[in-house]
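In order, the protein sequences belong to chains P and W.
Residue numbers for the first sequence follow the UniProt record's numbering, beginning at 1 and rising by one.
Residue numbers for the second sequence follow the UniProt record's numbering, beginning at 1 and rising by one.
Please note that the accuracy of each hint is not assured.
[Stated by the list, open to error] Here are a few chain P residues that face chain W, going by a calculated C-beta distance under 7 Å:
| hint | residue |
| --- | --- |
| 1 | Leu132 |
| 2 | Gly135 |
| 3 | Arg137 |
| 4 | Pro171 |
| 5 | Thr182 |
| 6 | Gly221 |
| 7 | Trp232 |
| 8 | Thr234 |
| 9 | Leu236 |
| 10 | Ala240 |
Quick caveat, the hints were computed from the structure, so don't treat them as lab data.
The beta carbon of each residue, even a glycine, is placed where N, CA and C say it ideally should be.
Each chain, letter by letter, is given below.
Protein chains: 2
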Amino acid sequence: MSTPGDVTAIDVPSRAPARIDTPAPGDPRLGRLSLNQKTVDGWSLREAVDGCVRHGVPAIGVWREPLAEAGLDKGIRWIQEAGLRVSSLCRGGFFTVADAGERRRRHDDNLRALDEAAALGTECLVLVPGGLPPGDRDLRGARARAADAIEQLVPHALAVGVRLAIEPMHPIFAADRGVVSTLAQALDIAAPLPIEAVGVVVDTFHVWWEPGVEEQIARAGSRVASYQVCDWITPLPPDALLSRGMMGDGHIDFALLSRCVAAAGYRGDVEVEIFNADVWAADGDVVLDTLARRYVELVEPQL
Amino acid sequence: MSTPGDVTAIDVPSRAPARIDTPAPGDPRLGRLSLNQKTVDGWSLREAVDGCVRHGVPAIGVWREPLAEAGLDKGIRWIQEAGLRVSSLCRGGFFTVADAGERRRRHDDNLRALDEAAALGTECLVLVPGGLPPGDRDLRGARARAADAIEQLVPHALAVGVRLAIEPMHPIFAADRGVVSTLAQALDIAAPLPIEAVGVVVDTFHVWWEPGVEEQIARAGSRVASYQVCDWITPLPPDALLSRGMMGDGHIDFALLSRCVAAAGYRGDVEVEIFNADVWAADGDVVLDTLARRYVELVEPQL
């Protein structure tokens with residue numbers, strides 16, 4: 001838009017011509033960009049690390065499953081040798097199970113996730129709260145269990161120096177994935193807990209619609225532990241889990257939310273996290289080119 | 001569940017055996033049940049009126065398009081001759097257009113909708129706020145336009161004795177259908193306006209996930225102008241517009257929300273409004289039998 005377009009480049013998945021030139025590796029505008037590895041779901045951790053290096057993306061958001069597949073030590077070595085920061089580990093949480101034994105197992109697994117985050121050198125473990133247990137319609141109860149479980153993780157988070165980042169999730173997921181539905185609610189849960197142990201994720205997809213989201217981001221201040229970006233697109237793709245869009249393809253005002261996050265004092269990495277079948281079907285390198293362009297066009301100027 | 005099941009009856013669209021006997025026409029438990037005609041989308045207004053009579057449903061929620069198809073006078077006559085109440089007219093609204101001429105046309109159409117509601121003898125015109133105009137990402141601006149447009153309708157609402165019922169819509173629709181996303185927000189818009197002219201719709205599908213919804217329903221008090229019920233089901237059907245479920249097939253606690261609505265002082269009809277391809281594909285009479293059973297099992301005891 002502001003610079004002459006590179007007519008040879010095509011954005012994915014929109015297939016629209018690129019609106020700006022692709023920033024080259026080393027471009028200072030890429031300094032805070034992070035690739036959440038779910039955005040290139042077809043790539044292994046090794047491939048995602050190499051992709052970041054190839055495209056000059058200095059940070060990566062790591063998922064536990066592909067990390068386990070690679071082997072923790074090996075994965076850490078790859079990331080360190082590539083010189084990447086780890087912006088977050090995804091994900092702990094799933095706190096809402098009702099059975100006491102299962103709750104204990106979830107707690108223990110979250111302790112392990114904190115250890116893994118510490119080993120990776122990231123300050124942020126993203127927490128997906130979990131949905132309603134099968135047949136359970138007590139949303140208030142599930143929310144209370146999530147708050148309790150987070151509190152129980154605080155001592156270990158402090159011990160290993162990793163922050164628990166509560167991810168409020170779009171209400172489309174309230175039943176089956178995340179009972180914490182607004183940034184306001186996440187901040188209410190975090191409020192009584194130490195700020196160095198508990199923060200929140202601001203994910204544009206999840207919170208863009210929230211009435212008063214600007215004020216809530218300001219209220220969050222240094223509780224903002226992670227800033228994740230992707231768009232809300234319509235018509236909504238048929239699989240709700242894969243309904244996220246490339247920044248600029250949908251309805252979200254990234255300038256507004258990015259300004260709010262910057263004004264709140266956030267100076268960390270900005271993760272692009274897109275779950276979308278069309279993005280996943282595209283060539284990973286073309287996805288990285290597109291997201292780098294959209295990031296420097298729509299997000300980075302406001303940071 | 002509480003009474004011996006009628007083994008010959010099958011619920012739709014679940015195909016589960018009925019858990020209770022079907023309430024017969026005249027059963028006092030049906031006294032406040034209303035059929036929103038979108039629940040039997042395959043039926044004309046005439047067929048929906050006849051279906052209500054056949055099943056002992058004493059009220060109907062009418063949509064403007066099928067009413068126009070029947071002809072206003074004829075439709076009103078059918079409804080009056082059948083002895084049905086009209087629990088609401090759906091729908092006015094779509095306030096968020098940015099173009100001034102189009103806004104004027106929308107205002108005039110909403111005046112006509114108020115007149116139609118008055119002619120039908122219903123006290124309630126349901127308002128769907130509308131989404132973001134194409135290419136417009138200013139959600140706050142769209143919300144402000146909706147609030148302004150509602151205020152401009154107040155004099156005519158008072159003149160014809162029909163209440164404007166703001167429908168907060170699930171955030172899944174914030175981009176393309178309804179920018180008013182929470183009951184709290186709808187009540188904030190209504191607060192400065194006369195209570196006899198402006199109320200809110202409590203639709204379980206739209207508000208069940210809202211943190212503090214119980215307190216917001218209590219806050220609403222006599223602002224509750226309509227209570228609509230259907231369920232949130234998972235996995236979410238592929239078309240977001242048709243993602244509503246039969247009460248009891250999903251995750252919503254109808255006992256809780258119905259108790260809250262009753263405690264707020266609501267004494268009006270309870271509309272069953274289900275947009276769902278499987279419900280629409282089922283035989284209308286079987287749909288009415290199922291919804292009557294689910295209503296007397298899950299909703300009516302709390303009213």
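Supplied contact hint for Arg137/P, tested at 7 Å Cβ to chain W = With Cβ-Cβ at 4 Å, under 7 Å, it holds.
Using Cβ atoms only, decide whether Leu132/P comes closer than 7 Å to chain W, and label the hint accordingly.
-> At about 6 Å, which falls below the 7 Å cut-off, the nearest Cβ of chain W leaves the hint on Leu132/P intact, so it holds.
When the least beta-carbon distance from Gly135/P to chain W is tested against 7 Å, hint result = violated (9 Å)
Under the criterion of a CB-CB separation shorter than 7 Å, is Ala240/P in contact with chain W as hinted?
-> Interface hint status for Ala240/P: holds (5 Å vs cutoff 7 Å).
Report holds or violated for the interface hint on Gly221/P, using the least CB-CB distance to chain W and a cut-off of 7 Å.
-> violated (20 Å)
With 7 Å as the cut and Cβ atoms as the points, is Leu236/P at the interface with chain W?
-> holds (5 Å)
Is the shortest C-beta separation between Trp232/P and chain W less than 7 Å?
-> holds (6 Å)
With a cut-off of 7 Å on the beta carbons, see whether Pro171/P makes it to chain W.
-> With a closest approach of 4 Å, the Pro171/P hint holds.
Hold the hint about Thr182/P up to the distance rule: shortest CB distance to chain W must be less than 7 Å.
-> holds (6 Å)
With a cut-off of 7 Å on the beta carbons, see whether Thr234/P makes it to chain W.
-> holds (5 Å)
In the structure shown, a violation is registered for the earlier hints numbered 2 and 6, in ascending order.
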